[in-house]
Structures are given as C-alpha cells and as structure tokens.
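Using our numbering, you'd call the opening residue of the sequence shown number 41 and step up by one each time.
Any given hint could be a false lead.
[What the hints assert, rightly or not] Straight-line Cα separation of at most 20 angstroms, DMTMM-like style, residue types lysine to aspartate or glutamate; simulated pairs:
id: 1; residue 1: 105; residue 2: 129
id: 2; residue 1: 105; residue 2: 86
id: 3; residue 1: 105; residue 2: 122
id: 4; residue 1: 127; residue 2: 86
id: 5; residue 1: 127; residue 2: 84
id: 6; residue 1: 116; residue 2: 95
id: 7; residue 1: 83; residue 2: 129
Worth flagging that the hints you see were computed from the coordinates, not collected in a lab.
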Amino acid sequence: QVQLVESGGGLVQPGGSLRLSCAASGSIFSINVMGWFRQAPGKERERVAQINWSDGSTYYVAAVKGRFTISRDNAKNTVYLEMNKLKPEDTAVYYCAAAPISQPYNYWGQGTQVTVSS
C-alpha cells in the first residue's frame, strides 16, 4: 500500500504561482509513475502531469505545458507541481496519484483545492 498526502493548495490571483507537494509513504519501492490530476466542478478528472519515479521522464497535458513543472525528490519521497502563470480555468481540486509497475493509477491522495480568482 502507498499513502499520499497533498499540500500547498489555496487561493491565488490570475498570473500567480503555487507549489503543490505530495508526500508518499508505505510501499514506495512499488511506485513506477506519479502524477497530478485535477477535477473542476462539472468536469471530468484529467491528468495534468506525471513523472517516472526512476528516470524522471515527464508528461504534461497541453493546457499546462510551459506553465507547470512536475518534479520529484526521491530522498524525501515527495513529488511537486510548480504552477506558474495560473489562469481561472486552472481552478480545480488537484489530486496526487501513484501507479505501480504495469498497473494503472490506484493510489490517490485526498485532494487539495486550487482557486485562481481576482
């Protein structure tokens, strides 16, 4: 089992920045990929970014490319999502998730609210 705890959400003005953190514990050795997802009211959950736990390769959804950066600190078992140039459409609950090798995302954090508004 893997436990994930997110932090760092909040209210920010358009154009501002936030950094989300996701601390993992438990069976860390089983993790292959970690990702950040978001879900806005009335919309489906979407994958925002992901990072390979071993080689650091990354993926970003087109809407956040150039604005968001996902990174990891293996020593701290923590994944970060640096969000810059935030837009109102980035408003959502952001979830951290982990996928074991050859498995889908099946470990989820509790979510953290990000609100971009003036």
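Discussion item. Hint check: residue 105 vs residue 122, CA-CA at most 20 angstroms. Holds or violated?
Written reply: holds, 12 angstroms
Worksheet item: Regarding the pair residue 116 and residue 95, is the alpha-carbon distance no greater than 20 angstroms?
Response: holds, 16 angstroms
Worksheet item: Would the pair residue 105 and residue 129 pass a check requiring their Cα atoms to be no farther apart than 20 angstroms?
Response: Between residue 105 and residue 129 the Cα gap is close to 14 angstroms, so the pair holds against 20 angstroms.
Worksheet item: Between residue 127 and residue 86, does the CA-CA distance stay at or below 20 angstroms?
Response: Distance of about 16 angstroms is within 20 angstroms: holds.
Fill in: Hint consistency between residue 83 and residue 129 [alpha-carbon to alpha-carbon, up to 20 angstroms]
Distance of about 11 angstroms is within 20 angstroms: holds.
Worksheet item: Hey, residue 105 versus residue 86, does the alpha-carbon distance stay inside 20 angstroms?
Response: Cα-Cα ~14 angstroms, so holds.
Discussion item. Does residue 84 sit within 20 angstroms of residue 127, going by the straight-line distance between their CA atoms?
Written reply: holds, 18 angstroms
Of the hints listed earlier, there is not a single one the structure fails to meet.
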